[in-house]
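Keeping their order, the protein sequence lines are chains A and B.
Numbering follows the numbering used here, in which position 206 of the first sequence is assigned residue number 206; successive positions increment by one, without gaps.
Numbering follows the numbering used here, in which position 126 of the second sequence is assigned residue number 126; successive positions increment by one, without gaps.
No lab work stands behind these hints: they were computed from the structure.
Nothing here was measured: the structure is a model prediction, and the numbers come from that model.
Each residue gets a CB set at the ideal place from its N, CA and C atoms; glycine is no exception.
Certain hints may be false.
[What the hints assert, rightly or not] Each computed DMTMM-like pair below joins lysine to aspartate or glutamate, with the alpha-carbon atoms no more than 20 Å apart:
hint, chain 1, residue 1, chain 2, residue 2
1, A, Lys321, A, Glu258
2, A, Lys365, B, Glu118
3, A, Lys365, B, Asp88
[Unchecked claim] Label-pair distances were calculated between CB atoms; the ranges are:
hint, chain 1, residue 1, chain 2, residue 2, range
4, B, Arg403, A, Glu346, 48 to 58 Å
5, A, Arg221, B, His430, 49 to 59 Å
6, B, Gly63, A, Pro139, 55 to 65 Å
7, B, Gly63, A, Arg342, 40 to 50 Å
8, A, Glu346, B, Ser65, 39 to 49 Å
Below, each chain spelled out in residue letters.
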Amino acid sequence: MRRSTVLFLLAFLLGGALGPGGAQEPVLLHEVLPNGLRVVAAELAGSPAVTVDAWVRVGSRDEPDELNGAAHFVEHMLFKGTRRRGPGDFAREVESLGGWANASTAWDYTHYYVVVPAGAFREALDILADALANAAFDPREVERERTVVLQELSLIRDTPARYAVFKLYETAYTVHPYRRPVGGSVETVRRVTRDQLVGFYRAHYGPRNVTVVVAGGVPARRAVEEARRTLGGWRRPVVPRPVAPREPPLDRVRRAVELRDVQVTTFAMGWVGPDVRDEDHYAVDVLVYALGRGRGARWVRNLRDRRRVVQALSVSFPTAKDPPLVVVSGATQDPEESRAERAVLEEVRELRERGLSEDELHRAKTLLEAEVRAELHTSRGTAASLGFAATVADLDYHGTYLDNVRAVTRDQVLQVARRYLDPERYAVVAVRPRRNP
Amino acid sequence: MRWVALVAAVLVALARPAPASQEVGEPVFWRLRSGLRVLAQELPAAGLVAVAVLVGAAPRVEGPSQAGISILTREVMLQGTTRRGGQDLAEALDSLGASLRALTGPDHTEWTVLVPAEHVDQALELLAEVLTSPRFAPEDLEAQRRVSLVRLRQQRDQPQSRAVELAQSLLYPYHPYRNPLLGTPETVARLTREDLVRYHATFYTAPNIVVSVAGELPAPVAVAKVQRAFSDLRTSDLPARVKLLDSVEGALAHRPTRRRDVRETQQTAGAWVAVAYLGVSVRHPDWPALRVAATVLGGGMASRLFQAVREREGLAYAVGAGFPAQRGPAAVTLTAGVDPSTVDRALGAMLREVEDLRARPPALEEVARARRRVAGLHLLDHEDLRRRAFYPAWYELVGAGYRFDRQVTELVSRVTPADVQRVARRYLEHPAVAVVGPVAP
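Kindly generate the complete structure, drawing on both the sequences and the hints.
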């Protein structure tokens with residue numbers, strides 16, 4: 001969870017991103033190896049780089065309560081040594097190739113990526129494959145890493161904007177695993193044993209749970225062949241993904257307030273939205289852009305620029321396997337969040353009355369499409385988009401995402417606003433200054 | 001100064017455009033009669049074009065009582081022009097797609113868009129309108145002032161940014177790099193509309209701007225479009241105070257002769273340590289060696305700080321070192337986020353690594369890895385078209401020349417272990433140390 005947020009935008013624009021007479025068509029290959037491992041290769045002609053990105057179908061949603069944080073802890077341990085490599089070797093090798101590596105954990109997935117100059121593709125794949133299949137979990141390394149993980153939790157806690165959103169999920173949900181923080185709590189991270197981590201790793205890290213994406217300046221055919229050579233012999237059964245209990249709808253306003261040694265009030269409000277399988281989520285994506293993305297977004301202009309009840313505002317909606325929250329968050333110079341909260345609710349009521357104008361719908365779709373295209377012009381963005389789709393939905397998802405966004409109508413947006421944004425039932429969290437000025 | 005005369009534009013126009021391949025040549029450079037510098041690179045880019053406009057309007061040129069004026073001016077400029085109001089402008093910017101990115105660093109303010117090639121004309125016209133004809137409405141200023149003050153306080157609420165800010169202000173007692181990017185609550189509260197208008201008129205001028213275009217657009221076409229769009233820029237020269245800065249800043253940022261410390265208490269879960277040393281300008285011959293030294297110390301997961309502080313001692317999640325390219329003397333900054341009870345241990349470990357680098361030259365293998373890392377990250381960062389447009393323009397603006405973007409790798413590859421030790425001894429001597437966090441239990 002070094003990158004803490006869940007990816008928002010997920011689509012792959014095959015062909016559509018290419019201008020006439022431009023670069024060659026990208027070649028996209030997809031193959032499931034006999035051991036169940038999925039390989040996706042996207043060749044980006046002219047790219048000097050390649051991203052090798054391994055997506056594992058495991059996240060904090062798959063943890064039992066007492067092991068909350070295990071998926072993230074395992075992520076930290078993966079680059080801490082194998083039978084062939086010592087703890088610092090991964091970093092040394094990747095950096096010797098002139099590249100960098102990182103990983104992130106979310107509710108529904110964990111992924112590991114290495115970005116290197118295209119010529120170093122084979123070495124990068126080799127490093128990643130070794131880490132995935134052969135992580136050693138040296139007991140001394142586990143203890144050292146525990147301090148590091150705890151330190152990362154403090155870092156999140158000390159960033160009110162991030163913390164408020166974590167706290168919002170805890171407040172809004174009662175039974176679904178999305179209520180727990182992705183990185184776990186100080187207590188669970190302190191308590192989890194080395195054997196429990198190894199057990200978790202063995203149960204979930206097997207070829208059937210992994211998609212390896214290769215995107216960049218490497219021929220697609222060669223990428224698939226190399227992946228077969230490197231990971232085709234990996235055998236390890238995995239346990240089926242647990243089905244999470246269904247979260248009952250919010251029945252009232254749920255509130256949590258925390259006083260801190262801060263100068264600015266940070267708040268977040270949330271409503272349970274549709275999951276990735278629900279067609280409604282395209283309309284919600286468009287709605288979120290209309291309300292909160294870009295300088296011309298309705299709520300940014302109304303709440304920040306015109307009424308000035310907030311000084312920072314963001315509206316977000318992650319794409320997720322189970323229903324996530326539509327989140328409105330912000331910062332205000334007021335000592336409390338009440339004025340901002342009331343103003344957001346007034347906006348919600350107005351939205352449910354009249355929906356969006358044709359211009360607003362157009363602006364939102366244009367911006368959303370442009371951001372997707374910008375994301376996809378690098379090897380890293382393309383790899384992340386493909387890997388996410390393969391892991392949380394299916395590969396078709398990114399091929400069709402933009403078409404589905406383009407097809408969203410004003411009426412659909414109005415319907416989803418009425419369906420999900422209830423001004424009487426929502427969750428709200430505030431981090432306020434301890435001493436009111 | 002190296003530049004190509006306007007004649008070159010004609011020659012390039014007649015020449016066959018460069019074939020779209022992985023081996024891309026350096027950008028084409030023009031200096032227009034107005035003083036505006038233009039860079040253009042034609043690249044295969046999936047039908048996209050990036051435009052980066054870099055302006056020398058940043059903390060480096062802010063007066064002592066003007067801290068924060070660069071960002072405040074930038075934000076008010078985005079609130080409306082003499083031709084259209086805030087709502088219209090915001091919608092026009094968004095409909096360009098790939099929202100306009102406006103960022104400010106110590107030496108520059110960057111305005112960047114990434115658009116489909118067929119929209120590049122509108123993008124250039126809109127950017128030019130924002131840069132040349134802001135309306136600076138009093139109500140826009142008041143709204144943005146509030147936003148800026150809240151952002152300032154939000155930043156102070158975070159121990160990481162606060163620690164770096166404190167270390168910087170210790171390191172630069174007289175140099176304008178002392179100013180935090182967002183300014184201080186006192187200066188931001190006092191800036192007037194007249195201040196902003198004057199600041200804009202002084203620094204948003206042709207000789208103080210570099211425009212760079214990269215993507216699926218022939219270079220001569222790009223320069224013609226830029227020339228047309230930005231024909232309204234003022235051509236006035238920079239004030240003497242700013243022009244003199246290059247020669248006097250050595251005196252403004254003199255080498256410290258002792259270590260200085262500051263601690264600030266904040267009731268946070270983690271504590272942050274920032275250790276800053278005074279380095280050199282990107283134009284200084286020692287810059288490549290100091291960049292490699294900073295990488296050996298704290299660049300990436302194989303670095304000494306990461307290995308010692310995080311991997312061996314498990315004291316921190318985030319630990320590293322950075323040394324940016326700046327027009328004036330930049331700082332080598334080491335940072336670590338640690339448990340409040342281990343602040344002194346972590347700080348001790350960080351300073352020990354610095355001492356060790358000063359005491360003996362690093363192994364050749366370690367230096368080679370750091371060199372490859374610097375070169376590799378440089379290459380990978382150029383994958384993004386926006387960065388591709390940005391880098392040469394930025395090196396041009398900070399006085400290293402746009403070709404520096406192509407020279408960095410070569411310069412860095414020549415750095416030896418002895419060079420690394422020499423610059424460590426010379427520059428990494430007397431740190432400014434800032435610690436922000438709760439009182440240790």
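Evaluated hints:
1. A/Lys321 <-> A/Glu258: It is violated: about 30 Å lies between the C-alpha atoms, which goes past 20 Å.
2. A/Lys365 <-> B/Glu118: holds (18 Å)
3. A/Lys365 <-> B/Asp88: holds (17 Å)
4. B/Arg403 <-> A/Glu346: 48 to 58 Å: holds (56 Å)
5. A/Arg221 <-> B/His430: 49 to 59 Å: Once the Cβ atoms are compared, 57 Å apart, the range 49 to 59 Å for B/His430 and A/Arg221 holds.
6. B/Gly63 <-> A/Pro139: 55 to 65 Å: holds (59 Å)
7. B/Gly63 <-> A/Arg342: 40 to 50 Å: holds (42 Å)
8. A/Glu346 <-> B/Ser65: 39 to 49 Å: Once the Cβ atoms are compared, 40 Å apart, the range 39 to 49 Å for B/Ser65 and A/Glu346 holds.
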